[in-house]
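Undergrad: These are the residues of each chain, in order.
4 protein chains.
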Amino acid sequence: MYDDLKADVCKANLELDKRDLVIYSWGNVSGIDREKGIVAIKPSGVAYEELTAERMVLVNLEGKVVEGDLRPSSDLQTHLELYGAFEDIGGVCHTHSTYATIWSQACREIPCLGTTHADHFHGPIPVTDEMEETEIASEYELNTGKMIVRRFQGLNALELPAVLVANHGPFTWGRSPSDAVVNAVILEQVARMAYGTLLLHPGQKEISEPLRDKHFRRKHGREAYYGQEKEE
Amino acid sequence: MYDDLKADVCKANLELDKRDLVIYSWGNVSGIDREKGIVAIKPSGVAYEELTAERMVLVNLEGKVVEGDLRPSSDLQTHLELYGAFEDIGGVCHTHSTYATIWSQACREIPCLGTTHADHFHGPIPVTDEMEETEIASEYELNTGKMIVRRFQGLNALELPAVLVANHGPFTWGRSPSDAVVNAVILEQVARMAYGTLLLHPGQKEISEPLRDKHFRRKHGREAYYGQEKEE
Amino acid sequence: MYDDLKADVCKANLELDKRDLVIYSWGNVSGIDREKGIVAIKPSGVAYEELTAERMVLVNLEGKVVEGDLRPSSDLQTHLELYGAFEDIGGVCHTHSTYATIWSQACREIPCLGTTHADHFHGPIPVTDEMEETEIASEYELNTGKMIVRRFQGLNALELPAVLVANHGPFTWGRSPSDAVVNAVILEQVARMAYGTLLLHPGQKEISEPLRDKHFRRKHGREAYYGQEKEE
Amino acid sequence: MYDDLKADVCKANLELDKRDLVIYSWGNVSGIDREKGIVAIKPSGVAYEELTAERMVLVNLEGKVVEGDLRPSSDLQTHLELYGAFEDIGGVCHTHSTYATIWSQACREIPCLGTTHADHFHGPIPVTDEMEETEIASEYELNTGKMIVRRFQGLNALELPAVLVANHGPFTWGRSPSDAVVNAVILEQVARMAYGTLLLHPGQKEISEPLRDKHFRRKHGREAYYGQEKEE
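Listed in order, the protein sequences are those of chains A, B, C and D.
Counting along the first sequence from 1, when you hit position 230 you're at 289 in the numbering used here, and nothing is skipped either side.
Counting along the second sequence from 1, when you hit position 100 you're at 159 in the numbering used here, and nothing is skipped either side.
Counting along the third sequence from 1, when you hit position 140 you're at 199 in the numbering used here, and nothing is skipped either side.
Counting along the fourth sequence from 1, when you hit position 36 you're at 95 in the numbering used here, and nothing is skipped either side.
Simulated from the structure, these hints should not be mistaken for lab results.
Each hint should be verified, as a subset may be incorrect.
Said to hold, decoys possible - Which residues of chain B face chain A? A few of them, derived with a C-beta cut under 8 Å, are:
hint, residue
1, SER163
2, GLN164
3, LEU257
4, HIS260
Note that CB positions come from ideal geometry on N, CA and C, so glycine has one too.
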């Protein structure tokens, strides 16, 4: 019944491995069927070479497993919180990819230092606050989600589909599970180039707003002219 | 009729992917038939695994599509401006390769720090000025080309077949589409080694002019003795 | 008679090569059968492409070869010392992997800068003292082991299954030879990200104890809820 | 007649490509038959995918081609100078590998910062002086060789089989062409780890002489006990 959703989510998870964003069982991707109120997510702690569509876990919006023999990813509650807050997203992705994690560990947002960044993310990549001891002590994964949502007050989640959880690593999202993974791949490359730019030239300033908006609007929204015609 | 040109341009684009200079649909290569006044270029936003010679777009020197169902690369006007200004070039290439983009984002020219650089580029790799708001607002891609051409006043484009567009990334060119890609590959390696050299030894000076000229002339021009005999 | 042990140890050694932690004959993994008092270890100086289970060397706990035509790894005495001191471990691994070796050469412990580290290692990765001339002069490999054991006084070796030998490189261990290799792979990634974090943000502090303990306990011990149910 | 020599030299050149030390036609390896006074070397400017044993060029000790239709590597005179000065070597290798070239471009010797270095090179990797204008103007490649030889006065070339040519890149050598390549691979890894060590900990000191000698003697000379028994 949810075969397509499970297949999409499985494929998106495998793509993390293929793109070298994960090792072992690190990372997880989910997808949502908003009409049915069902989320498919990677099972917890299963290695990528053992993933199949059948092994994806289906849960409802409260996180209760409705199909599947395996436990869902331990980050499930973070995913659900994001689906609740960002209405237009269809997929969520979490990795510990090298350079995005380096920025997360440094507790620094990634400034928009070039057009590669502006082509995909409309502004600096935000970093959350560090978590309080009480937020860690209970419902940790849920609180991680809440922290992200709080950080996005006033921001457009679809124009800025990535966040760095302080001391931890990145979450990305998109209209579909595969979009969320594409954003994770691009975030990693943007993070790597921003890292190199600041090591080569500490204090390098962000690009101008007109240049940033120009590049973002070339690829996104009604005036986009990059790529081939398609409904967005 | 332009089957050879389209095949050459397609192959050069695929080489970008093979050499790890691009991800997804980033980057583009074009080639020109100067007799006929026709340019073949990658279609916009098409992934490398879906490229075929048939899908290359043919345009005239005003940028009007004369063959092909797809939109040309959004960077087309930059390519055309370079063909207009640099009479001896037959191919143009644009990437967001990691280290060349880092230098572009740092808005710094790449100094000639070693013979690897001097073997291929006769002087530091120039960086353009940053663009003004009015240059961004209309005809952005054309203005990018004009900015590059302006930066090359007094420089020999064939002896220095690369530029860094400030805040953006590199363009390279050459006698053919494949030459333009070779220069993009070598630029990336030169950029990577210059980056490492300055991190290890900030303030390292450029190599001497005699050493630079010696290496460049070993490989280029009438006194070249590197490689096997051939007409150049 | 020890076919399974030899097969496990061989496979774990080959994994080092597959995961790009070694070149040529660098690195070595061993495994122990505690009931029989037998250790299987990689032969010294043999390249990975020539390793087979049959070529693994069996030694007793004094280091005397009991089966095999080849010399055991020159680091054997270090392995034996660790088996003697850490009663619950079943495998030991030594590599010169790039980033873990960089930290070893810098003679600095790896601070716990993020949850990736805390997921796997319960505290900073310790670095040994530098060796005295007399410790180098005789029984060097044995003394290397003693130095590690001394450094672990008061530490829980299974919760912190890695050490940096100053000026040298990492040793890791685990419940089995393959666990020891998993820890070497993760150590390398943790070392790489800690290196990048401090280059980007010198002076970055360790994560809080509650966050560190939360992540470690999600994956280890009685309250673990990461992964699927299994006996640990 | 020199089929074995040509096969060995071809294989050693191909190994450079396989080990990712070169791109395009960069780099070259030669081997010598000291009895016959014949050197086999890579042809100049030929890509690795087109190399065959038949295409190796045979020259005598004056550099005159005695067999082969192609021009020898433009670095031939540097190789010949090294064969003349270092009597026990059987192969020479030149690359522009990334990290060894970074050190060459920074004009800094590679300090011995760890046992990986000491296992293979008995002391810091020397860097030559920068070349004078007159040395560049004529017989440049010969003078490069002379500069290396001058730098090695008082050093044991077989215990320290590598040099950094200032502003240029590394040369390595060994008892055979394949040994010279092994030393190039290890030099690159040593250079990479030394680079990282100094970025992480500027001012890190060299390891102690006893530790350096211990590691070098474990692997080299009469008291070596690393690896399996063999005549060296």
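Undergrad: List in ascending order the numbers of the hints, as given earlier, that are violated by the structure.
TA: 4
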